[in-house]
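So the mapping is simple: our numbering equals the position in the sequence shown, first residue as 1, plus 2.
Do not take every clue at face value.
To be verified - DEER-style ranges, computed between Cβ atoms:
#: 1; residue 1: Asn-291; residue 2: Gly-196; range: 39 to 47 Å
#: 2; residue 1: Tyr-302; residue 2: Asp-468; range: 40 to 48 Å
#: 3; residue 1: Ser-378; residue 2: Glu-19; range: 39 to 47 Å
#: 4; residue 1: Ile-241; residue 2: Asn-492; range: 55 to 63 Å
#: 5; residue 1: Thr-518; residue 2: Asp-455; range: 50 to 58 Å
What the hints assert, rightly or not - Here are the simulated lysine-lysine pairs, DSSO-like style, with alpha carbons at most 27 Å apart:
#: 6; residue 1: Lys-340; residue 2: Lys-285
#: 7; residue 1: Lys-232; residue 2: Lys-244
#: 8; residue 1: Lys-567; residue 2: Lys-594
Hints are computed from structural coordinates only; laboratory data are not their basis.
Here the structure is a predicted model, which means the values were calculated and not measured.
Quick reminder that beta carbons are idealized off the backbone N, C-alpha and C, glycines included.
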Amino acid sequence: MQRGSTPLLLVREEDGEISIGEKIDRELLCQKNLNCTIEFDVITLPTEHLQLFHVEVEVLDINDNSPQFSRSVIPIEISESAAVGTRIHLDSATDPDVAENSLHTYSLSQNEHFDIEVRTRTDGAKYAELIVVRELDREIQSSYELQLLASDTGVPPRSGSTLLKISISDSNDNSPVFEEQSYVIHLQENSPVGSLLLDLNATDPDEGANGKVAYSFSSHVSPKILETFKMNPENGHLILLKPLNFEVTKSYEIDVQAQDLGPNSIPAHCKIIIKVVDVNDNKPEISINLMTQGKEEVAYISEGAAKDTFVALVRVQDRDFGLNGEVVCKLHGHGHFKLQKTYENNYMILTNATLDREKRSEYSLTVIAEDKGIPSLSTIKHFTVQVLDENDNPPRFQKNRYEIFMSENNYPGAYITSVMASDPDLGENGHVTYTILESFILGSSITTYVTIDPSNGAIYALRTFDHEDINRIAFVVQARDGGSYQLSSNTTVVLTVIDENDNAPVIVVPALHNHTSEISIPKYAELGYLVTAIRATDRDSGINSELSCFIVSGNEDNIFTMDPKKCEIYTNVTMEDFPHQEIEIVVVVQDKGSPQLNAKATFKCILYESLDILFQPTPTASSQPTLSHFIAIYMNCS
3 MQRGSTPLLL
13 VREEDGEISI
23 GEKIDRELLC
33 QKNLNCTIEF
43 DVITLPTEHL
53 QLFHVEVEVL
63 DINDNSPQFS
73 RSVIPIEISE
83 SAAVGTRIHL
93 DSATDPDVAE
103 NSLHTYSLSQ
113 NEHFDIEVRT
123 RTDGAKYAEL
133 IVVRELDREI
143 QSSYELQLLA
153 SDTGVPPRSG
163 STLLKISISD
173 SNDNSPVFEE
183 QSYVIHLQEN
193 SPVGSLLLDL
203 NATDPDEGAN
213 GKVAYSFSSH
223 VSPKILETFK
233 MNPENGHLIL
243 LKPLNFEVTK
253 SYEIDVQAQD
263 LGPNSIPAHC
273 KIIIKVVDVN
283 DNKPEISINL
293 MTQGKEEVAY
303 ISEGAAKDTF
313 VALVRVQDRD
323 FGLNGEVVCK
333 LHGHGHFKLQ
343 KTYENNYMIL
353 TNATLDREKR
363 SEYSLTVIAE
373 DKGIPSLSTI
383 KHFTVQVLDE
393 NDNPPRFQKN
403 RYEIFMSENN
413 YPGAYITSVM
423 ASDPDLGENG
433 HVTYTILESF
443 ILGSSITTYV
453 TIDPSNGAIY
463 ALRTFDHEDI
473 NRIAFVVQAR
483 DGGSYQLSSN
493 TTVVLTVIDE
503 NDNAPVIVVP
513 ALHNHTSEIS
523 IPKYAELGYL
533 VTAIRATDRD
543 SGINSELSCF
553 IVSGNEDNIF
563 TMDPKKCEIY
573 TNVTMEDFPH
583 QEIEIVVVVQ
593 DKGSPQLNAK
603 ATFKCILYES
613 LDILFQPTPT
623 ASSQPTLSHF
633 IAIYMNCS
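Make the full structure from the sequences, and use the hints.
In structure tokens:
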């Protein structure tokens, strides 16, 4: 039984008498489920003399609800040319009761032209179809008012009614005709919103407006269907509007109508049955009742407790269906405890051996629940067992500040360092656990960067660190003792992320296309003419970002020379004497890291006719750029 301020059922502690805590409404508690039970466990205390009783209280239905229509008047328009046997879907009545107390049948007031047939949907709901049993003649009678009665078979029986206002209209030669009278769709519950579920098609041989078809849901479809699905009136596309949940609704039955736009049109009807297919989208749920006062995740037990002493109650459940909802429960942590099944998905955690506080005063236990779906889903829940001095000393760290250095590109789970605190108190008053206090780095919790083993202070990385993104991480570790009034102290851990050469240089200028750039050189350029200067960047730091440039191919005749530090390319000959119109050279920009990384580019040097060679001053030493983090560019194109 769920805990709450006003529980449905109460158990008197003195004698175990069960009484009603508040009025029970079966329809609110179980909706239309045939079986409605309230289940709870009763435990006798103290735990040394524990007895566990599982109680199931069946809530029986009484006929306290009448069938009810959503509309007191239902307008219906029928063409006088409607054939005998024409059927029209009518609004369904609802009755929240179940079995014989729920809606059972419909009846129609006495008349000569209409009758009804009671039908059953896939979910068991009853509905009625109005049937034309005699030819209609608008000139003789243009309207009918008939009472539709919905009745249950409870004791005493209850009923509800609505008025059918039937108008007889002039004939419209042809009605639309659906390709199929019914459709069955199997739809996975995780189908995305916006999915096209069905492309309906109804045809009408008439011309103009009389032959143009509009699609819609029938007037009596439930609000749930209108919230979940959408019908495009123009093309008959059935669209999913909101996520499905097999555990809530396993099937839908939708009545759709197609009606031409001419006067006095008669709608055609078809039925769409959507069967929701369960997928394993619900993890098992674990509920642990420790039956002790204090922390929700800590159980206390005497070290003198005998074997098989009660520790906690465990209940697991999975809202999925079939194998997806079958759960296997396991206990991990220590051999001093065991998991014992009591009934169905309920377990007890018991001691499996005698305990000795002087040898071990605390146990961390983990309950794992895993379903049998493919792939399987699992849930883990942790709790601590503390085996039961003044607590006047807080834990003390060996250092007030830990300076740690670690290279970037570590693997997640890598060990970083350990912090240690000691507490001179005895027993739980001197037992120290570690946590990392909440803080944020670049908008993310520190607990997404590092984690700490609460029992020994070992700190591990939770992600791969990147010096280029963050080069310093500072956080606070707290040591807390296990006294009834816990004392604590803090230390600061500063982690410096050391750069590695993990970024290659990137050539920024000249602009490259497919690692290639074209450079124009005057045909009459003299020896020492500045062809181009290359600019490159490297995201690394220090020696890993110091860059040098070399011509690695295409310069076998030493046509060019290159300053490796400035990355400037000069002519090494008078270009007038060069016999070719173009030449290709390959340049490598390389850092000084280990291992060295580089960027490579091809330069197509093209000679062109020009007598206008501008004077190029020789750069001075003071004006020469360095390549610690980037290479300056000088380009001179005539």
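TODO: Kindly confirm whether 40 to 48 Å is satisfied by the beta carbon distance between Tyr-302 and Asp-468.
DONE: At 45 Å between Cβs, range holds.
Open item on the list: For the hint 55 to 63 Å, verify it against the beta carbon of Ile-241 and that of Asn-492.
Closed with: 56 Å Cβ-Cβ, so the 55 to 63 Å window holds.
Open item on the list: Hinted pair, alpha-carbon criterion (27 Å max): Lys-340, Lys-285. Please report holds or violated.
Closed with: Satisfied, since the Cα-Cα distance of roughly 23 Å is no more than 27 Å.
Open item on the list: Given the hint of 39 to 47 Å, is the C-beta distance from Ser-378 to Glu-19 inside that range or not?
Closed with: Hint holds: Cβ distance 43 Å, inside 39 to 47 Å.
Task: Restraint check for Lys-232 with Lys-244, where alpha carbons must lie at most 27 Å apart - done: 10 Å, holds
Open item on the list: Please check whether Asn-291 and Gly-196 have a Cβ separation lying inside 39 to 47 Å.
Closed with: 43 Å, holds
Task: Thr-518 paired with Asp-455, Cβ distance criterion 50 to 58 Å - done: 54 Å, holds
Open item on the list: What's the verdict on Lys-567 and Lys-594, does the C-alpha distance respect the 27 Å limit or exceed it?
Closed with: 12 Å, holds
Of the numbered hints given earlier, the model fails none.
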